[in-house]
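Enquirer: So the sequence lines, in the order shown, correspond to chains A and B.
Read the first sequence against this note's numbering and you will find it ends at 364, with the numbers running on by one and no gaps.
Read the second sequence against this note's numbering and you will find it ends at 364, with the numbers running on by one and no gaps.
Just so you know, the hints here were simulated from the structure itself, not pulled from any lab data.
Predicted, not measured: the structure shown is a model, and the values here were computed from it.
Ideal placement from N, C-alpha and C gives every residue a C-beta, glycine not left out.
You may find that some hints are simply not true.
[Said to hold, decoys possible] Label-pair distances were calculated between CB atoms; the ranges are: (1) A:Asp-307 / B:Leu-354: 37 to 45 Å; (2) B:Pro-78 / A:Glu-178: 36 to 44 Å; (3) B:Pro-21 / A:Ala-177: 46 to 54 Å; (4) B:Ala-119 / A:His-2: 47 to 55 Å.
[What the hints assert, rightly or not] If you want the ones that stay clear, here's a sample from chain A, every Cβ over 10 Å from chain B, calculated: (5) Asp-23; (6) Leu-36; (7) Ala-86; (8) Pro-120.
Take a look at the letters that make up each chain.
Number of protein chains: 2
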Amino acid sequence: MHRLELLKPDGRRLTLYSRQPIDPALTAPSPFAEPLNASAHLRWHPLRGEWVTYAAYRQGRTFLPPPEYNPLAVTRDPAHPTEVPAGTWDVAVFDNRFPSLAEVPAGAAPPPGLIVPTAPAHGHCEVVVFTQDPNASLGALPLGHIELLLQVWGERTRRIGARPGIEYVLPFENRGAEVGVTLHHPHGQIYAYPVVPPVPARMQAVAAEHLRVQGRGVLETLIDKERRDGRRMLYEGPHAVAFVPVCARYPYEVWIAPIAPAESFDQLTGVQRADLARALKTVLLKYDGLWQRPLPYLMAWYQAPTDGQPHPEMHLHAQLYPPYRTKDRLKYLAGTEIGAGFFAMDALPEDKALELQQVKVALP
Amino acid sequence: MHRLELLKPDGRRLTLYSRQPIDPALTAPSPFAEPLNASAHLRWHPLRGEWVTYAAYRQGRTFLPPPEYNPLAVTRDPAHPTEVPAGTWDVAVFDNRFPSLAEVPAGAAPPPGLIVPTAPAHGHCEVVVFTQDPNASLGALPLGHIELLLQVWGERTRRIGARPGIEYVLPFENRGAEVGVTLHHPHGQIYAYPVVPPVPARMQAVAAEHLRVQGRGVLETLIDKERRDGRRMLYEGPHAVAFVPVCARYPYEVWIAPIAPAESFDQLTGVQRADLARALKTVLLKYDGLWQRPLPYLMAWYQAPTDGQPHPEMHLHAQLYPPYRTKDRLKYLAGTEIGAGFFAMDALPEDKALELQQVKVALP
Chain A
1 MHRLELLKPD
11 GRRLTLYSRQ
21 PIDPALTAPS
31 PFAEPLNASA
41 HLRWHPLRGE
51 WVTYAAYRQG
61 RTFLPPPEYN
71 PLAVTRDPAH
81 PTEVPAGTWD
91 VAVFDNRFPS
101 LAEVPAGAAP
111 PPGLIVPTAP
121 AHGHCEVVVF
131 TQDPNASLGA
141 LPLGHIELLL
151 QVWGERTRRI
161 GARPGIEYVL
171 PFENRGAEVG
181 VTLHHPHGQI
191 YAYPVVPPVP
201 ARMQAVAAEH
211 LRVQGRGVLE
221 TLIDKERRDG
231 RRMLYEGPHA
241 VAFVPVCARY
251 PYEVWIAPIA
261 PAESFDQLTG
271 VQRADLARAL
281 KTVLLKYDGL
291 WQRPLPYLMA
301 WYQAPTDGQP
311 HPEMHLHAQL
321 YPPYRTKDRL
331 KYLAGTEIGA
341 GFFAMDALPE
351 DKALELQQVK
361 VALP
Chain B
1 MHRLELLKPD
11 GRRLTLYSRQ
21 PIDPALTAPS
31 PFAEPLNASA
41 HLRWHPLRGE
51 WVTYAAYRQG
61 RTFLPPPEYN
71 PLAVTRDPAH
81 PTEVPAGTWD
91 VAVFDNRFPS
101 LAEVPAGAAP
111 PPGLIVPTAP
121 AHGHCEVVVF
131 TQDPNASLGA
141 LPLGHIELLL
151 QVWGERTRRI
161 GARPGIEYVL
171 PFENRGAEVG
181 VTLHHPHGQI
191 YAYPVVPPVP
201 ARMQAVAAEH
211 LRVQGRGVLE
221 TLIDKERRDG
231 RRMLYEGPHA
241 VAFVPVCARY
251 PYEVWIAPIA
261 PAESFDQLTG
271 VQRADLARAL
281 KTVLLKYDGL
291 WQRPLPYLMA
301 WYQAPTDGQP
311 HPEMHLHAQL
321 YPPYRTKDRL
331 KYLAGTEIGA
341 GFFAMDALPE
351 DKALELQQVK
361 VALP
């Protein structure tokens, strides 16, 4: 993996990654001239016992721009800079211009006079451009390119996680207008949090208790059972699996994981990473093959907190949630899901797995 | 409050509530002839440590029917029965024909051979028809009618909560196509769960700890502070308040509560209930006045578990979440909200409260 670290004119970082050497003379463009003046802050939600981040400047963020302006396309005309330069690179990562969490400028303080505990919204929000091709998709990329992306997620996690005050790093992709995506160029995001956020914190607590009582990881155990059962499997390689989990909360929910537990991207071996890339590509091609159209989804990659402690209870994996329940109907999260956190499914995971199993995909 | 309990031809219960006496000769219609054969089941989600309910028969449920068929309108032609009879009543409550949770038929068992713990999906799902007028809205109803609804929610909570195996009762309303509502006749739902669901369970744990350490309820304390601050208040009556909470997770989020803690609807005094009705009506009229169009929202009413124990830590209140962040833009829950449970806001609660404060409503 080759990499080149650059600084944008507005002070944001850009890192290019490639399977080929990168021209060291490349420079980082930015559509914005003035320095970023991020001033997000956290407020404590006393009823839920969690932090909420407020970044009022985000309201002006880019929203469904016309096709002639794509800030994630490479800069062709220096008079109209985008976020990434032309040149030889496969994946680009840069600081989000409208971060929900950011490095706290010296002297910055949350607004005074608030009636709940507050804190600076310390953290990082990065944009990950998956490819230079605005019309590609993550699943359509060559296996080697996807493998590189898995390496990039690992490198970002290690680098960002090593910065002071970062407890958790979450790579994710929101895909499709149905989940609110404002730019259709293939890309994802990385959020680095000053605390372990509620969902990973809950999963960590449950996993730690399972490991303590059972002596074995909760996801490792489930993967074993899913493989033996077989009814919901979508991909089974030597080192990685993909399946509709028996406890799916979304009709076409899929989990992707290495078979042998790895705490984080950074701990994957080369063969694990290669097989994980095959599993991911298989699932994404099945998704798009299901109704012969790009299927929207949320994809979150869960890994260990970056607190420097060992986390044998954590098992790196992705959870993918497409928002559709049938070809024409969205699954809305409403009263019971949002209000109670209790998910109601009108489809059986076994039936949805069968639909996805029947979508044939051919990988090299 | 007058009430009449009826049984539908398919075995489901219907209860009519009214401020006027109800003709005891009324009978309960049903669009369905055959008895309900509910067979939902729960599966344990081992990573999140929570139950998910599966009710495959729900896929055939009524979906945006043409205007000529409204199952929540009163039956005019016995040859085409709806869910409710014509007659003098204000609010009707009946068993959902497509319940996610239901009484478990004798001998019913979850599908065998699943690789996680399973259980019958014991519980109840009720539909609450707010009014006979298909073109009304909850906020447009007279104060006395809304007060009756608060009484009905209390009565349903007490009755359903007293049934064996019911641990939590959640009245809620999903309003608007943007949150997936399939029927536009004003109505809400009541879910009765066999466990305290994740969100109320979390809030209960946080509230119990706050009460233990501080000696005072967490919401009671917050309401005091919101009233003293004043910037986010939308309604302040002698017994009830409504405000955009300082820690809002949705731009137009509003909480409505009695000022003095009441564990549940059933514990409200008459004057509290009357003022809570005013607070609710005020908020809903402000919502619809904001952009001069019906504002969609989720509204959940949180109260104490129905486990028969005292719950001094619980303080009845509603949380309302409209899905819009501006007039034209939806707030999508995506990677950080759904994946991490960490909410990112691009609007300050103070600014959104000001917008709602400026919507003037006149109540009698």
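Enquirer: Does each hint hold? Answer for all of them.
Expert: Hints, one by one, checked against the model:
no.: 1; hint: A:Asp-307 / B:Leu-354: 37 to 45 Å; verdict: holds, 40 Å
no.: 2; hint: B:Pro-78 / A:Glu-178: 36 to 44 Å; verdict: holds, 42 Å
no.: 3; hint: B:Pro-21 / A:Ala-177: 46 to 54 Å; verdict: holds, 53 Å
no.: 4; hint: B:Ala-119 / A:His-2: 47 to 55 Å; verdict: holds, 53 Å
no.: 5; hint: Asp-23; verdict: holds, 32 Å
no.: 6; hint: Leu-36; verdict: holds, 15 Å
no.: 7; hint: Ala-86; verdict: holds, 28 Å
no.: 8; hint: Pro-120; verdict: holds, 15 Å
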